[in-house]
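*Asks:* Numbering (the UniProt record's numbering), first residue to last: 1 to 113.
Check each hint, because a few of them may be wrong.
As the list claims (entries may be wrong) - Here are the computed lysine to any residue pairs in the SDA-like style, where the Cα-Cα straight-line distance is at most 25 Å:
(1) Lys50 <-> Leu87
(2) Lys49 <-> Asp72
(3) Lys25 <-> Thr4
(4) Lys3 <-> Thr17
(5) Lys7 <-> Lys36
(6) Lys3 <-> Leu20
(7) Lys25 <-> Arg73
(8) Lys25 <-> Thr51
(9) Lys82 <-> Thr51
(10) Lys36 <-> Gln15
(11) Lys3 <-> Gln32
(12) Lys3 <-> Arg48
(13) Lys25 <-> Arg48
(14) Lys50 <-> Lys3
(15) Lys49 <-> Ala21
(16) Lys7 <-> Lys25
(17) Lys50 <-> Ser89
(18) Lys36 <-> Arg73
(19) Lys50 <-> Gln85
(20) Lys49 <-> Arg24
(21) Lys7 <-> Leu31
(22) Lys25 <-> Ala14
(23) Lys3 <-> Lys25
(24) Lys3 <-> Arg24
(25) Lys3 <-> Ala21
(26) Lys25 <-> Lys36
(27) Lys49 <-> Lys3
(28) Lys36 <-> Ala18
Don't read these hints as lab results, they were simulated from the structure.
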Amino acid sequence: MAKTRRKRHTYTSAQRTAILATARKESLTALQVQRKFGVTPVTYYSWRKKTGLTRRRGGEIVTSGGAGLDLDRQVRGEVRAKVRQILPSIVRTEVSGYLEALFGGRRGRPRKV
C-alpha cells in the first residue's frame, strides 16, 4: 500500500523561533526536532540557515545573523556589480591577445616565402 502524504504545514515566524530556541537550548538533533515538533530535518536546517545559526565541525554553534548578513549581501552585491562592469574589457583584451598570438597580429594577405 502506498504511503499517504503528510499535510503541508506552514509555521509562523513565532513558531519557528520557538522551535529553534528550544532545539538550541536542549541541543536537539534534526531527528529529535522532527519527533518532538513534527518539522522535517530539511525544513529545520533551512530555518537554521536563514536565521544564521550554523554549526561548525567542532560542535560549537556560531551565529552570523543580523547586521552581518546584511553587510555580507551588500558586499556581495557591490562585488558583482563591479565584476559585471569590468568583465567585458577583460574578455576583450584576453580575446585580442589570443587572436594576436594565434595570427601574429598581421592583417591582410600572408607573405610568400
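*Asks:* Indicate, hint by hint, whether the structure satisfies it.
*Replies:* Each hint, compared with the structure:
Restraint check: the Cα-Cα separation between Lys50 and Leu87 comes to about 31 Å, which exceeds 25 Å; the hinted pair is violated. Note on Lys49 and Asp72: the hinted pairing holds, with a Cα-Cα distance of about 14 Å set against a maximum of 25 Å. A threshold of 25 Å between alpha carbons decides the hint, and for Lys25 with Thr4 the separation of about 33 Å lies outside it, so the pair is violated. A threshold of 25 Å between alpha carbons decides the hint, and for Lys3 with Thr17 the separation of about 31 Å lies outside it, so the pair is violated.
With a C-alpha separation of about 17 Å, the suggested pairing of Lys7 with Lys36 holds against the 25 Å cut-off. Taken as a hint, the Lys3 and Leu20 pair is broken in the structure, with Cα atoms around 29 Å apart against an allowance of 25 Å. A distance of roughly 29 Å separates the Cα atoms of Lys25 and Arg73; the hinted pair therefore is violated under the 25 Å criterion. For a cut-off of 25 Å, the pair hint linking Lys25 to Thr51 stands: about 15 Å separates their Cα positions.
For a cut-off of 25 Å, the pair hint linking Lys82 to Thr51 is broken: about 28 Å separates their Cα positions. With a CA separation close to 13 Å, the supplied pair Lys36 and Gln15 stays within the 25 Å bound. For the given pair, Lys3 sits about 22 Å from Gln32 by alpha-carbon distance, which is consistent with the 25 Å threshold. Pair hint Lys3 plus Arg48 does not hold up; C-alpha atoms about 29 Å apart against a cutoff of 25 Å.
Distance check on the hinted pair: Lys25 and Arg48 sit about 14 Å apart at the alpha-carbon level, within 25 Å; holds. Only pairs whose Cα atoms come within 25 Å are accepted, and Lys50 paired with Lys3 is rejected, the gap being roughly 31 Å. A threshold of 25 Å between alpha carbons decides the hint, and for Lys49 with Ala21 the separation of about 14 Å falls inside it, so the pair holds. At most 25 Å may separate the alpha-carbon atoms for a hinted pair to count; Lys7 and Lys25 exceed this at roughly 28 Å.
A threshold of 25 Å between alpha carbons decides the hint, and for Lys50 with Ser89 the separation of about 37 Å lies outside it, so the pair is violated. A hinted pair counts as satisfied when its Cα atoms are at most 25 Å apart, and Lys36 with Arg73 does not qualify at roughly 34 Å. Between the alpha carbons of Lys50 and Gln85 the distance comes to roughly 30 Å, so the proposed pair goes past 25 Å and is violated. Distance hint between Lys49 and Arg24 is fulfilled; the C-alpha atoms sit about 13 Å from each other, no more than 25 Å.
Distance hint between Lys7 and Leu31 is fulfilled; the C-alpha atoms sit about 19 Å from each other, no more than 25 Å. Taking the CA atoms of Lys25 and Ala14, the gap is about 16 Å. The hint holds against a cut of 25 Å. Distance hint between Lys3 and Lys25 is unfulfilled; the C-alpha atoms sit about 34 Å from each other, more than 25 Å. Pair hint Lys3 plus Arg24 does not hold up; C-alpha atoms about 32 Å apart against a cutoff of 25 Å.
Taking the CA atoms of Lys3 and Ala21, the gap is near 32 Å; set against the 25 Å cutoff, the hint is violated. Between Lys25 and Lys36 the alpha-carbon distance is near 14 Å, which keeps this suggested pair within the 25 Å criterion. Distance restraint check for Lys49 and Lys3: the Cα-Cα separation of roughly 30 Å exceeds the 25 Å cut-off, and the hinted pair is therefore not satisfied. Using a Cα cut-off of 25 Å, the hinted pair Lys36 and Ala18 holds, with the two alpha carbons roughly 13 Å apart.
Of the numbered hints listed earlier, those contradicted by the structure are 1, 3, 4, 6, 7, 9, 12, 14, 16, 17, 18, 19, 23, 24, 25, 27.
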